[in-house]
Amino acid sequence: MTPGVLSIVTLLPVAGALALTLAPRRHDALLRGGALAVSLATFVISLPLYLGFDAGSASYQFEEQMAWMPSLGAAYHVGIDGISLLLVLLTTFLMPIALASAWRAIEDRTKEFVIAMLVLETGMIGVFVSLDLFLFLVFWEAMLIPMYFVIGVWGGPNRIYAAVKFVLYTMAGSALMLVAILALYYQHGVATGTFTFDLPTVTRWVVPAGLGQNLMFLGFALAFAIKVPLFPFHTWLPDAHVEAPTAGSVILAGVLLKMGTYGFLRFGLPIFPDASLTFGPIVLALAVFGIVYGAWVSTVQPDLKKLVAYSSVSHLGFVMLGIFTFNMQGLVGGVIQMVNHGLSTGALFLMVGMIYERRHTRLIADFGGLWKVIPAFSALYLVVVLSSLGLPGLNGFVGEFLILLGAFQVNRGLAALATTGIIFAAVYLLWMYQRVIFGEVTHEENLRLHDLSPREWALVVPLVLFIVWIGVYPATFTGPTEATVEALINQVQSKASVAFR
Amino acid sequence: MIPAPPISLAVLAPALIVIGAGCLVLLLDLLPPRESKAHLATVALGGVVAALLTSLAAWGGRGRAFRDMVILDNYALFFHVVICYAAALIVLLSIDYLRRTGAESGEYYALVLFSTSGMLLLTSASDLIVVFLAIELMSLSLYVLAGLFKRRRQAGEASMKYFLLGAFASAFLLYGIALLYGATGTTSIDRIATAIASTPWDPLVIAGLGLVMVGFGFKISSVPFHMWAPDVYEGAPTCVTALIATGSKAAAFAALIRLFLGGFRLVHADWAAVLWVLAALTMTVGNVVAIAQLNLKRMLAYSSIAHVGYMLVGLAAGGAAGTSAILFYLLAYTFTTAGTFGVITVCARTGEEAVDVRDYAGLGRRHPVLAFVLALFLLSLIGVPPLAGFVGKFYLFGAAVRAGFLWLAVLGVLNSAVAAYYYLRVIVTMYMQEPEGPSASLVPSFAGGVALAIALVGVVLLGLMPAPFVDLAQGAIAPLLR
Numbered sequence: 001m002t003p004g005v006l007s008i009v010t011l012l013p014v015a016g017a018l019a020l021t022l023a024p025r026r027h028d029a030l031l032r033g034g035a036l037a038v039s040l041a042t043f044v045i046s047l048p049l050y051l052g053f054d055a056g057s058a059s060y061q062f063e064e065q066m067a068w069m070p071s072l073g074a075a076y077h078v079g080i081d082g083i084s085l086l087l088v089l090l091t092t093f094l095m096p097i098a099l100a101s102a103w104r105a106i107e108d109r110t111k112e113f114v115i116a117m118l119v120l121e122t123g124m125i126g127v128f129v130s131l132d133l134f135l136f137l138v139f140w141e142a143m144l145i146p147m148y149f150v151i152g153v154w155g156g157p158n159r160i161y162a163a164v165k166f167v168l169y170t171m172a173g174s175a176l177m178l179v180a181i182l183a184l185y186y187q188h189g190v191a192t193g194t195f196t197f198d199l200p201t202v203t204r205w206v207v208p209a210g211l212g213q214n215l216m217f218l219g220f221a222l223a224f225a226i227k228v229p230l231f232p233f234h235t236w237l238p239d240a241h242v243e244a245p246t247a248g249s250v251i252l253a254g255v256l257l258k259m260g261t262y263g264f265l266r267f268g269l270p271i272f273p274d275a276s277l278t279f280g281p282i283v284l285a286l287a288v289f290g291i292v293y294g295a296w297v298s299t300v301q302p303d304l305k306k307l308v309a310y311s312s313v314s315h316l317g318f319v320m321l322g323i324f325t326f327n328m329q330g331l332v333g334g335v336i337q338m339v340n341h342g343l344s345t346g347a348l349f350l351m352v353g354m355i356y357e358r359r360h361t362r363l364i365a366d367f368g369g370l371w372k373v374i375p376a377f378s379a380l381y382l383v384v385v386l387s388s389l390g391l392p393g394l395n396g397f398v399g400e401f402l403i404l405l406g407a408f409q410v411n412r413g414l415a416a417l418a419t420t421g422i423i424f425a426a427v428y429l430l431w432m433y434q435r436v437i438f439g440e441v442t443h444e445e446n447l448r449l450h451d452l453s454p455r456e457w458a459l460v461v462p463l464v465l466f467i468v469w470i471g472v473y474p475a476t477f478t479g480p481t482e483a484t485v486e487a488l489i490n491q492v493q494s495k496a497s498v499a500f501r
Numbered sequence: 001m002i003p004a005p006p007i008s009l010a011v012l013a014p015a016l017i018v019i020g021a022g023c024l025v026l027l028l029d030l031l032p033p034r035e036s037k038a039h040l041a042t043v044a045l046g047g048v049v050a051a052l053l054t055s056l057a058a059w060g061g062r063g064r065a066f067r068d069m070v071i072l073d074n075y076a077l078f079f080h081v082v083i084c085y086a087a088a089l090i091v092l093l094s095i096d097y098l099r100r101t102g103a104e105s106g107e108y109y110a111l112v113l114f115s116t117s118g119m120l121l122l123t124s125a126s127d128l129i130v131v132f133l134a135i136e137l138m139s140l141s142l143y144v145l146a147g148l149f150k151r152r153r154q155a156g157e158a159s160m161k162y163f164l165l166g167a168f169a170s171a172f173l174l175y176g177i178a179l180l181y182g183a184t185g186t187t188s189i190d191r192i193a194t195a196i197a198s199t200p201w202d203p204l205v206i207a208g209l210g211l212v213m214v215g216f217g218f219k220i221s222s223v224p225f226h227m228w229a230p231d232v233y234e235g236a237p238t239c240v241t242a243l244i245a246t247g248s249k250a251a252a253f254a255a256l257i258r259l260f261l262g263g264f265r266l267v268h269a270d271w272a273a274v275l276w277v278l279a280a281l282t283m284t285v286g287n288v289v290a291i292a293q294l295n296l297k298r299m300l301a302y303s304s305i306a307h308v309g310y311m312l313v314g315l316a317a318g319g320a321a322g323t324s325a326i327l328f329y330l331l332a333y334t335f336t337t338a339g340t341f342g343v344i345t346v347c348a349r350t351g352e353e354a355v356d357v358r359d360y361a362g363l364g365r366r367h368p369v370l371a372f373v374l375a376l377f378l379l380s381l382i383g384v385p386p387l388a389g390f391v392g393k394f395y396l397f398g399a400a401v402r403a404g405f406l407w408l409a410v411l412g413v414l415n416s417a418v419a420a421y422y423y424l425r426v427i428v429t430m431y432m433q434e435p436e437g438p439s440a441s442l443v444p445s446f447a448g449g450v451a452l453a454i455a456l457v458g459v460v461l462l463g464l465m466p467a468p469f470v471d472l473a474q475g476a477i478a479p480l481l482r
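Listed in order, the protein sequences are those of chains A and B. For the first sequence, the positions run 1 to 501 when my numbering is used. For the second sequence, the positions run 1 to 482 when my numbering is used.
Certain hints may be false.
If you want the ones that stay clear, here's a sample from chain B, every Cβ over 12 Å from chain A, calculated [as the list claims (entries may be wrong)]:
(1) Ile7
(2) Thr284
(3) Leu294
Using 25 Å as the maximum straight-line C-alpha spacing, the simulated SDA-like pairs for lysine to any residue come out as follows [as the list claims (entries may be wrong)]:
(4) A:Lys165 / B:Phe168
(5) A:Lys165 / B:Val289
(6) A:Lys111 / B:Glu436
(7) A:Lys306 / A:Asp451
(8) A:Lys165 / B:Glu434
(9) A:Lys165 / B:Arg34
(10) A:Lys165 / B:Val357
(11) A:Lys111 / B:Arg425
(12) A:Lys111 / A:Gly56
(13) A:Lys111 / B:Val289
(14) A:Lys165 / B:Gly449
(15) B:Lys150 / B:Ile129
(16) A:Lys111 / B:Pro203
(17) A:Lys306 / A:Lys111
(18) A:Lys111 / B:Thr284
(19) A:Lys306 / A:Arg435
(20) A:Lys111 / B:Arg365
(21) A:Lys165 / B:Leu204
(22) A:Lys111 / B:Phe168
Calculated from the structure, these hints are not laboratory results. Cβ atoms here follow ideal geometry from the backbone N, Cα and C, with glycine treated the same way.
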C-alpha cells in the first residue's frame, strides 16, 4: 500500500528524526538545518490537505486504513475533517518556527533536541488525525515523552520539577481515559457484536445514557481537562511554560493545549452526548471561572512568561465556553479560537523568548522604554499583543466574538462574566506592554539591545501575516469547519436522549 | 509386578539438552584453559539456544509422558521460548560482567543451566509432584547463585534469606500438595480437577489450595510474600537478579496458570475475590514502596513486584483473554526487565556496581546510546506507547474490564501513573543532572551489546507489531482451555 498524503505528513517528521540519529553529533548546523528542512517539507506537504479539502463535506477526508491488530480490532485508520484540518496545519506551520527559534537558544545537545522536536511533531499530528481509539491513545501518550525531555533537559532552573509535574499530571489523566476507552470498547462490542476501536464505527453507536456513559465521559473529560487546562487542573501549566525553552513553550501553547479541546470535540461530545449535556453546565462554569481567574492572575505576574502562561488559562476558557454552548456560533468560534490562540500565544512566547535571549531576564521590572531601542520588535510585539487581547481586525476578535455570541444564547449571566475576561485581558496585556515598551529606558543594559535579526523577522512575520489574515478574512479558516461543526451538532442532537437546549 | 511406564524422552528434550550442557560445562571446567571461562559461556549459550530451537521445532505438537506427569504442549513451549530467551540474554550479559566484578567461575554457568532446566520442566509439569521437583531444581540453583559474590556481606544475606524463606515456601507448597492428595487421592492436576468438581467446598481442598497459593506467592513475589525480593535482588549479582526476575517468575506463573486454568477452573470464581485482593495489594505496595528506593536494584525489585500485581489482575480476570494477556505481558516484561538489568551490568565497574540512582547522573551526556537504551526500557516499564509494556498493560487491563473488574483496572492504571514517577526519576538523573565525580568509560562488550540489541528490538517490535505475538499467546493457552 502506498502511503497517502496524511500518512506522509504524520510520519515524515519521525522518519526525519530517525535519519538524523545517524548524523554526527558535532555538526550542529547540519542537525538544525536537517530538522528545519524536514519540518518545512512536512508543512509544504500538508498544504494540499487544505487545497484538496472539500469544505462542503462533513465526512472524514484523506482517509487511510490499514489492518494493525485485527484480533483486537485496532487499525491504522487516519483521516481529517474540518476541525482536525486546521489543527494539523497549525502544527505543521508552528513546528518550523519553533525549530528555527531555537537556532541560537539551544546549543547543548542539539542532536537530542531536534530529534525530540521531530518525534513530538509526529505525535501531535497523529493525535489530530487518528480515527482509531487505540491509535489515538498511542499518539496521545507517546507525545508526552519528547515534550518531557524538551522541558526537562533544555528548560530553566526549575525544569525538573516542571517536567515531572507535567508528565505525572498528564499520565494520571490519560490513565483513566485508557480505562474509559476499554470500557467503551467492550460495551460497544457486547452491544453490537463487533469489537473494534474504529472511531467512526464507535461514534455511530448510541452509548446508553446513564451512569456508564457518565463515568466514561468523566474518564475522557479528566484527561482532556488537564490538557486544556481547565480550571482547577491548570497548575502544571505555569510551571511547564516558565521552565520550558522558547521552542517548547511555543509548541506547548500553540499545539499541545489544543489537544484537550480537540478531544472534547472529537470524543467527548459526539460519543457521550447525554453526559456532555449533563456535565455541560459544570464545564461552562469552570470555563468562565478559568477565564476570569486566569485574567486576574495574569495581571499581577511580574514575569512575562508567567503572564502569558496564565493568559492561556483564560483564553482556553473561552474555547471551552464556545464548545459547550453546543451551538453553531460557539463551536465555530471555539475551533477558530484554538487556531488563534496557537498563533497569538505562540507568537507571544516567541517574542518573549527573543528579549530573554538578549537580556537573560523575563521580569517586567527589568525592562521599560524598549520602543526607543528596538522599534521594529516593539511594533510587531504590539500587533501580537493586540491580537491576543481581541482587537477587531485581528484574529483574536473573531473567535471571542463568535464564542460570546454563542454563549449569550445559552446563559446571559455567564456570557457577561466571560466578557469581563476580555476587558481584563486588555488590562493585563496593555499594562504589561506599557511597562515593557513605553516610558524611559530605566536600565542601562537595555540601551545596548539590538533589534530583530533577519532570522527573527522571518519567524515573526508569517505569524503576524496569519494573525491579520484571520482577523480580516476569517472565512478562509472558518469555511472548512462549518460543515463539520454542523454535523457535530446534529449528531449530538440526534443521539442525546435528554432534552437538547 | 508393576509395569514400568513408557519413557519418552522427547517430551523432556529441551530440559535435557540444558542439563546436558550444564554437565558439559562442569566437565570442561576441569580441563584447561583454566584462566578464561569464555568457552564455558559459549557452551552454555549453545545449550540454551539448542533448547530454544528444539522448542520451536516442537511447536504445534502435544506430547505427554511419564503417565501424563509431563506435558509438552504449545503452552509449555511458549514459556520455553520466554525462558530460553531470558537465559540466553543472561549468559551473554554475564561474560563481561563476571570478568569485571572478578566472580568468573565455571560453576556459575552450570548453575544457570540447571536452574533453567528446572524452569523448563516447571512449565510442562502437569502433576504436583513434578511441579515441586521442578521448583526445587530451579530454586536450589538460584539460592547458590544469589550468593556468588562470596566476599560481600549483602551476598551472604541475600543467599541466606532467599534460601530460608524459599525453604519455608517449599514446605508450604508441599504441605498444600499433601492436603490436596489427601482430599482427592491424586497429584495429577487433571484428576484433581475432576475430583474437586463434586466437592469444591471440602475444607481439605480449600486449605490445600491456600497453601499452594502461598508457595507460589513466594515464588512470584506477590504481596504479602514479597519480603525476600528487595534484599535478594540487591545482594545477588545483577545478571542473577535478572534471571530471578524474569525466568523464575515466568516459570512460576506458567505452573500457577496451568494449575488455575487446568486444575481449578471450576472453583475459579470463588478464587477471583482472593486474587483481586492479592493483585490490588501487590501492585499498590510494590509501586508505593518503590518510590522510596534510591538503590536501583531495590527499586527494580519493588517494580517487579508491582508488575506481578498487574499480571495477577489478568489471573483474576481469568478466561482466555486474561490468561493470554498474562502470557503476552510476561514476554514483554522479560524483554524489558532483562534489558534493564543488562544496562546495569554494563554500568558495573570492577569490584563495585552502579546501583545507586545517582551513579547514573549525566549518563545521557557521557554515553548517549546506553542512556537512550535504558530510557526506552524504563519507558516500556512505565507503559508508554509504542513500546512492549504499553501493549501488555493494555491487554491486561482490557481483559480485566471485559471480565467486569472495572475498578481493579482503574486501580491498575492509577498504579502505572504512580510508577511513572520512580522510573522517570532515573531518566531525570541520566539526562537532566550532571555527574558529581569523574566517570569511567563504559563500553559494552560485544556479547553484552548483542544482548541489549536483542532486548531492544524485542521491546520495540512487541510495541509496534504486537499482533503476531498476541496470536501466539492465544494459541498457547488454547490447549489449557479444552
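Right, here's what the structure says about each hint:
| no. | hint | in the structure |
| --- | --- | --- |
| 1 | Ile7 | holds, 39 Å |
| 2 | Thr284 | holds, 14 Å |
| 3 | Leu294 | holds, 16 Å |
| 4 | A:Lys165 / B:Phe168 | violated, 43 Å |
| 5 | A:Lys165 / B:Val289 | holds, 20 Å |
| 6 | A:Lys111 / B:Glu436 | holds, 24 Å |
| 7 | A:Lys306 / A:Asp451 | holds, 24 Å |
| 8 | A:Lys165 / B:Glu434 | holds, 21 Å |
| 9 | A:Lys165 / B:Arg34 | violated, 55 Å |
| 10 | A:Lys165 / B:Val357 | holds, 20 Å |
| 11 | A:Lys111 / B:Arg425 | holds, 22 Å |
| 12 | A:Lys111 / A:Gly56 | violated, 43 Å |
| 13 | A:Lys111 / B:Val289 | violated, 36 Å |
| 14 | A:Lys165 / B:Gly449 | violated, 34 Å |
| 15 | B:Lys150 / B:Ile129 | violated, 33 Å |
| 16 | A:Lys111 / B:Pro203 | violated, 66 Å |
| 17 | A:Lys306 / A:Lys111 | violated, 29 Å |
| 18 | A:Lys111 / B:Thr284 | violated, 38 Å |
| 19 | A:Lys306 / A:Arg435 | holds, 16 Å |
| 20 | A:Lys111 / B:Arg365 | holds, 11 Å |
| 21 | A:Lys165 / B:Leu204 | violated, 52 Å |
| 22 | A:Lys111 / B:Phe168 | violated, 54 Å |
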